[in-house]
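Single-letter residue listing:
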Amino acid sequence: MGNRAIAEHAPAAGFYEEKGRFSGLFAWIFSTDHKRIGLLYMISILILFSVGVVFGFLMRLELVSPGKTIMEPQTYNSIFTLHGVIMIFLFIIPGLPAAFGNFFLPIQIGARDVAFPRLNLLSWWLYISGVVFALLALFTGSGPPDTGWTFYAPYSTQTGTNVSLAVFAAFILGFSSILTGLNFVTTIHRLRAPGMSWFRMPLFPWSLYATGWVQLLATPIIGITLLLVIFERLFGVGVFDPLKGGDPILYQHLFWIYSHPAVYIMILPAMGVISEIIPVHAHRTIFGYRFIAYSSLAIAGLGSLVWGHHMFVSGQSYTADVVFSLLTFLVAIPSAIKVFNWVSTLYKGSIVMETPLLYALSFIFLFSIGGLSGLMQGALSVNVHIHDTAFIVGHFHYVMFGGTGFGFFGALHHWFPKMFGRMYNKTHSRIAWFFLFVGFNMLYFPMFILGWMGMPRRYYDYLPQFHTWHLMSTIGSWILISGLILMFANLIRSLRKGERVGSDPWGGSTLEWSISSPPPKENFEEIPRIDHGPYEFKGASKE
Amino acid sequence: MFESLSNIAESVNTAFFFILVISIAMLVLITFLMVFFVIKYSRKRHPTSKSIEGNKLLEVVWTVVPTLLVLGMFYFGWVGYKFMKDVPEDAMVVNATGRMWSWLFEYENGVQSDTLWVPLGRSVHVKLESQDVLHSFYVPAFKIKQDLVPGMTNYVWFTAKEPGEYELFCAEYCGQRHSYMLSKVVVLPEDEFNAWLEKEAKFVSEREPSPDADERELTEASLIRRGERLSKIKGCSACHSTDGSRMVGPTFKGIFGRSTVVVANGEEREVVVDEDYLRKATLNPEAEIVKGFQALMPPQRSLLDDEELDAIIEYLKQLK
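Chain order of the listed sequences is A and B. The opening position of the first sequence corresponds to residue 1 in the working numbering, with each subsequent residue numbered one higher. The opening position of the second sequence corresponds to residue 544 in the working numbering, with each subsequent residue numbered one higher.
Everything labelled a hint here was simulated from the structure, so no lab data went into it. We put the beta carbon where it would ideally sit given N, CA and C, even for glycine. Hints may be right or wrong, so weigh each one.
Output of the computed footprint for chain B on chain A, the stretches with three or more beta carbons under 8 Å from beta carbons of chain B [unchecked claim]:
#1 184-193
#2 294-306
#3 363-375
Just some of the chain A residues that point at chain B, by a computed CB distance under 8 Å [unchecked claim]:
#4 Phe22
#5 Trp149
#6 Tyr152
#7 Thr285
#8 Phe287
#9 Thr319
#10 Ala320
#11 Val323
#12 Leu326
#13 Met353
#14 Val384
#15 His428
#16 Ala540
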């Protein structure tokens with residue numbers, strides 16, 4: 001990307017001008033600077049996001065009408081597998097923590113870098129290695145994997161496609177995630193600026209702290225599980241094979257013990273971003289700071305105990321079903337607390353409807369629909385009907401894309417001027433948001449209706465009664481993609497052509513707004529002393 | 544969509560509407576407040592903000608109220624679910640088997656069918672088993688679903704409330720033709736159902752060889768009819784076409800006497816399809832794979848008896 005171009009055009013080029021041991025591309029891919037690593041991650045993640053979008057677009061195109069439209073069933077099965085693997089493991093899990101967390105966590109807590117800068121670089125290299133293995137799985141062996149991103153046994157241990165390599169890629173990506181989590185938890189414990197007590201820390205670091213623990217504790221389990229799948233395929237160990245005394249349900253437990261907490265790895269940092277955006281653009285302190293902070297921990301804790309709700313119709317025990325359903329309903333409460341506090345933060349503010357706030361408020365709306373539809377799935381009897389239907393697909397896209405995705409775009413628009421020292425075209429960014437928001441709802445809302453009507457998920461073909469809603473959903477995907485293109489075109493153009501901004505274009509109160517844009521090498525000439533909370537705004541009267 | 548076509552559907556609908564009403568109320572409240580605040584406290588109208596740090600009473604209210612609401616939702620879901628799990632003792636038992644990519648239903652009198660026929664108003668207890676990978680038995684109209692797991696026997700039960708034909712889907716991803724693993728539930732009034740069951744039972748007893756040797760030709764015709772039925776029931780037709788089109792496996796059209804290339808232990812060999820070959824290829828399909836196809840077919844060793852295999856081969860022979 002054109003970083004050198006930015007350096008040429010920007011007046012205060014900040015860390016972009018830093019002279020390290022290497023120059024050119026090597027100055028990036030061997031840099032241990034948290035800001036450079038954050039940008040490396042952001043570029044890699046956005047490229048893979050685009051690939052995932054293309055796969056999603058092709059799936060929707062195939063489903064525009066019943067019967068064969070553009071591809072064969074086997075191709076479709078591979079494409080939905082790749083769409084899932086890329087979006088989950090390569091975009092949304094690393095997404096916010098690795099890109100924005102790396103860039104802003106040290107700055108927000110008044111540190112010069114993360115606790116282990118070299119480990120940080122290693123985790124990016126592991127990420128790239130994982131990407132390479134995932135791509136190899138596409139083009140080698142006997143065809144790309146066709147198992148769905150869940151790799152359910154025994155299909156995954158039997159299919160002739162290249163599952164072993166894809167699973168190995170996910171295994172490596174796990175280490176990247178563990179190292180990032182470890183790094184952030186340590187950084188928050190050890191490197192907060194003098195005077196920054198836990199409750200003077202901004203809420204984005206709080207959410208990264210909760211996320212970090214989940215990454216550390218849950219990811220090893222998926223690593224072991226995926227290795228077992230490989231052993232099963234190569235040596236026929238039989239852990240998941242009933243003919244050898246194994247159990248396919250065991251695979252599902254092991255998979256979801258990680259993958260449900262992973263859902264919170266995905267959403268918590270986005271919640272942190274929303275907690276940053278709203279006070280800045282409402283120009284007042286956050287409502288219920290401690291409740292938002294604690295609810296992150298509650299979500300991380302409770303969220304680790306609800307995996308069985310993916311298995312209500314699998315044949316696990318009745319007692320397990322009931323307990324997991326109850327715990328699932330309890331995890332809704334801390335999320336509700338966050339939503340109420342965010343909305344209350346608008347009360348008596350002095351609100352400027354900038355693009356980041358548009359994204360933050362859309363996050364609340366879409367995440368609420370996602371969360372409320374989650375309650376329907378948490379209820380045992382209702383779950384039986386909508387399990388494994390398009391309803392679930394609608395639900396998790398509302399949470400993951402409407403939630404984390406819109407959170408990511410919000411973060412992108414909120415921190416863009418800080419990262420690059422330039423402002424994007426605000427009008428264009430609002431138009432792009434409008435297309436995204438309308439397209440999103442048109443694409444995913446029909447899935448709730450389809451699911452309730454009984455349309456199973458992962459279906460290449462469908463019966464005629466489902467056609468209308470599938471058609472509407474596919475048209476929605478075209479609108480959504482137009483919005484994405486518009487948004488990225490605007491941002492990329494603004495890297496060079498955007499208007500220059502000072503250190504604090506929004507009137508923010510956290511530490512990143514006190515240093516120049518883009519930030520200088522090592523962030524602070526002198527480490528600041530903190531003597532107040534994170535969201536005290538000039539001119540805001542206290543009650 | 545919202546009718547109650549089975550006794551189970553009723554309780555699912557109740558829980559769903561309870562949650563739906565609360566959800567809509569919540570969503571409207573949240574959205575209304577956001578829009579209202581954004582307009583009322585825009586910088587133009589409200590240049591100076593007030594930093595309110597929180598309100599303990601509000602926090603308690605919006606913790607306790609949602610807690611009560613979600614506990615209510617949990618309760619409704621639980622009650623309905625408990626009902627789904629308690630099978631009445633007098634329910635009619637049907638054994639269902641799922642395999643890539645078709646269904647087999649077996650009744651207590653030995654009748655086999657690829658469609659699930661059930662009597663109206665009587666409880667039906669479906670025992671679910673899988674021959675290969677995970678599948679899921681899903682009848683949207685009845686709002687019932689349960690996975691089929693190899694090595695386990697799961698179950699569902701229901702009482703149908705209206706006669707008719709209802710879709711049956713596989714809802715757990717099971718490979719290439721997952722979206723074609725469809726069947727139907729046919730609900731008939733009790734007497735019509737019994738008539739059907741009796742007629743089918745005759746088909747089962749037809750296996751006895753005809754005592755009259757002169758009727759040999761007639762027997763052959765009935766053998767072919769039998770083979771045709773079996774090729775559907777046993778799932779052959781889910782992967783092998785009879786019209787020459789290529790599906791997951793080679794087509795049955797003109798299979799007998801065709802010369803074809805097979806791969807065994809990595810070596811290619813040309814064979815002419817005869818009775819012997821068909822027998823081998825059905826019972827031990829993994830030994831020789833037809834070139835250009837994947838080794839997907841499960842061995843039928845324990846799934847077909849000699850008579851059934853004879854009938855299927857007789858049927859295949861005459862598919863020109």
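Evaluated hints:
1. 184-193: Coverage by chain B is violated here, the residue count being 0 at a Cβ distance below 8 Å.
2. 294-306: violated (count 0)
3. 363-375: holds (count 7)
4. Phe22: This interface hint is violated because 46 Å lies over the 8 Å limit.
5. Trp149: It is violated, given that the least Cβ distance between Trp149 (chain A) and chain B is near 11 Å, above 8 Å.
6. Tyr152: holds (6 Å)
7. Thr285: Since chain B brings a Cβ to about 4 Å from Thr285 (chain A), closer than 8 Å, the hint holds.
8. Phe287: Because about 6 Å separates Phe287 (chain A) from the closest Cβ in chain B, which is inside the 8 Å limit, the hint holds.
9. Thr319: violated (11 Å)
10. Ala320: violated (12 Å)
11. Val323: violated (11 Å)
12. Leu326: holds (6 Å)
13. Met353: It holds, given that the least Cβ distance between Met353 (chain A) and chain B is near 7 Å, below 8 Å.
14. Val384: holds (5 Å)
15. His428: This hint is violated: His428 (chain A) lies away from chain B, its Cβ roughly 21 Å from the closest one there, beyond 8 Å.
16. Ala540: holds (5 Å)
In this structure, the hints that do not hold are numbers 1, 2, 4, 5, 9, 10, 11, 15, in rising order.
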